[in-house]
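> Sequence:
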Amino acid sequence: MATLEENLSPEVLEKVKASLTVTDKVKVTTVDAEAANDEVNVDAFFGNISKEDASLIRPEDIEKKDQEVSLALKECDALIQEADKFHQNFVVRGNLELYKLLSSIYAFVLKVRLSEYRHHVTVAMISTLKDRGIKVQENTSELMVIIKYILGGDRKKAANYCRVLEIATKENLAAKDLPDYITRRGGIGQIYATELDCLNKHQGNKAQEKRIRLFREILISKEWESTFEVAYPNDAHEHSDEIDCKRGAFVFLLTRYDKTKGVYKVIQAHKFGEKFENQIIRFMTRGNKLDVSKLESKLRNYCQGLVDKKIVPDVIARIWQSGRLQVKTDKTVDAA
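As numbered in this note's numbering, residues 9 to 344 make up the sequence shown, in order.
By construction, these hints were calculated from the structure, which means they are not laboratory data.
A portion of the hints provided could be inaccurate.
DEER-style ranges, computed between Cβ atoms [stated by the list, open to error]: (1) E179 x K119: 17 to 27 Å; (2) I288 x F116: 50 to 60 Å; (3) I251 x G102: 50 to 60 Å; (4) L118 x V144: 32 to 42 Å; (5) S135 x K283: 50 to 60 Å.
Computed from a prediction, not measured in an experiment: that's the story for all the values here.
Cβ coordinates follow ideal geometry from the N, Cα and C atoms, glycine included.
Using the sequences plus the hints, can you model the full thing?
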């Protein structure tokens with residue numbers, strides 16, 4: 009095989025060597041393409057290719073790589089079709105069959121509830137469940153008894169199905185409408201998750217409302233300790249409807265501080281109603297993290313201290329003793 013030097017004239021060869029600053033230590037040769045290995049490592053195309061390796065690449069090698077990629081994608085597409093087929097045959101159809109089963113169970117439950125032998129049916133099922141070794145508590149619902157009787161001892165599955173049928177009962181659904189309802193709601197798990205979120209939110213709202221009510225009672229009770237009184241001759245401006253204003257417990261005085269005399273001058277009086285008062289109380293107590301039970305305890309202790317100090321009238325003390333002071337607490341007075 010002829011070298012590069014042999015193919016060039018002496019004059020051109022000298023110019024090439026000069027431009028490349030090639031010395032006698034470096035010998036430039038050509039590569040016999042036919043002697044290259046026909047085997048191509050496809051994985052190499054996904055990494056860094058050196059200049060030397062790049063010089064070995066031929067167009068047909070790129071075609072081989074493209075073919076390998078194409079075959080890999082086709083194989084993956086086939087797997088996608090298999091997965092979709094499995095999902096349709098076993099998941100989607102399985103869920104539909106499950107929803108139909110729940111519909112049949114729901115229809116049976118409703119039929120039992122309408123039966124004059126309802127109690128006898130339930131007692132017989134409980135007896136049979138005990139014979140099967142399946143635990144039934146005294147407070148187990150009739151619905152759960154029926155579901156356990158049908159499903160057996162799978163407690164988790166029974167609990168999930170029971171929740172769905174309880175929701176169906178609450179929604180006043182007919183048994184024939186249950187499959188479509190479950191599908192529309194995104195399945196059994198999604199129905200339960202949505203209901204649980206709503207329940208938590210509802211319970212959270214109820215707890216917040218009770219906290220505000222307790223803070224309100226504490227503020228109202230502090231009236232008996234106050235020694236500062238203002239006689240305001242005019243009627244308060246009302247900023248809500250009549251009912252809301254009547255349910256309100258406070259009148260807000262708009263004051264201006266007189267620096268020369270060191271006193272507050274009352275400019276106006278305002279009734280904003282119970283709803284606005286609750287917003288103000290919520291803002292005033294936003295840093296207070298006490299839960300409902302601790303707030304109840306503090307209210308009882310505070311009111312008990314007012315009674316012990318004989319600050320409140322006897323009639324108020326008797327009302328408190330028959331209500332909020334019935335629970336025994338310590339005598340520590342916690343001013344809110």
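> Decide, hint by hint, whether the structure agrees.
Going through the hints against the structure:
1. E179 x K119: 17 to 27 Å: holds (18 Å)
2. I288 x F116: 50 to 60 Å: holds (54 Å)
3. I251 x G102: 50 to 60 Å: Given about 55 Å between the Cβ atoms, the range holds.
4. L118 x V144: 32 to 42 Å: violated (21 Å)
5. S135 x K283: 50 to 60 Å: Since S135 and K283 have Cβ atoms about 55 Å apart, the given range 50 to 60 Å holds.
Of the numbered hints listed earlier, the single one contradicted by the structure is hint 4.
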